[in-house]
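Student: Between the sequences and the hints, there should be enough to build the whole structure, so can you do that?
Here the protein sequences line up with chains A and B, keeping their order. If you use the working numbering, the first sequence corresponds to residues -18 to 101, in order. If you use the working numbering, the second sequence corresponds to residues -18 to 101, in order.
Hints are not guaranteed to be accurate.
No distinction is drawn between identical chains; accordingly, a pair holds when it is met within one copy or between any pair of copies.
Listed below are the simulated SDA-like cross-link pairs for lysine to any residue, each with C-alpha atoms no more than 20 Å apart in a straight line [to be verified]:
| id | residue 1 | residue 2 |
| --- | --- | --- |
| 1 | LYS67 | VAL29 |
| 2 | LYS100 | PHE(-15) |
| 3 | LYS93 | ALA32 |
| 4 | LYS93 | MET24 |
| 5 | LYS93 | GLY40 |
| 6 | LYS93 | LEU39 |
| 7 | LYS67 | THR7 |
| 8 | LYS93 | ILE41 |
| 9 | LYS67 | GLY49 |
Keep in mind that the hints were calculated from the coordinates and are not lab data. What you are looking at is a predicted structure, and each value in this text was computed from that prediction instead of being measured.
2 protein chains.
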Amino acid sequence: MNPFATLPELHNHAPYYAVIFSSLRTSGADNDGHAAPDGYGDMAARMVELAAQQDGYLGIESTRGADGFGITVSYWRDEAAIVQWKANAEHLVAQQYGQERWYEHFELRIAKVERAYGKP
Amino acid sequence: MNPFATLPELHNHAPYYAVIFSSLRTSGADNDGHAAPDGYGDMAARMVELAAQQDGYLGIESTRGADGFGITVSYWRDEAAIVQWKANAEHLVAQQYGQERWYEHFELRIAKVERAYGKP
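Tutor: As structure tokens, this is what we get:
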């Protein structure tokens, strides 16, 4: 699977938004996210699937190192779409588990993408 | 080392900027970035060190998975600091190597951070 998000051109469209989610998994967990005993892997995969179904979703990029530190950046059409996704019922359950079990710590930053370029 | 960037509070300060750099390492390389035969590990470490010395630098978060896909987010006071860092002579050499050798593909997005929160 292509790990890069395919996003609209900024030149021809309104700016879009990025949700930058940095997290450190609780220790003892399977940091690859596969069949982790605390259910993290299944829920993480489900959240990626569910996010993609939301209105205003543009794409997602995600990775986690062997040390358990990961970064997921999801891209959205506007702030309203981000607010709606945060309030999604199934996502609220995942957020609760994240707080309680899965993450030692996390930081979430919402940013407006103003410029973009890639390797030609 | 704490993998999280310690950033100024948005409530009391002007918004800051994020440079979201997603990249896929060329195959055959050591994706952990340690002693890679193509010099990537040393240069990546040097760039983190050098970035931290720049005016307007606020912090950095970075990770790469076993599949070679990585995300680095660096944080800056304003767009001028980002432009200056991009034009840094030593950084220009690293950018050249990145284009030619180290990255199969990359995407770079510059975004203004408007809201932020973390796990209490």
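Student: Which of the stated hints cannot be reconciled with the structure, identified by number in ascending sequence?
Tutor: 4, 7, 9
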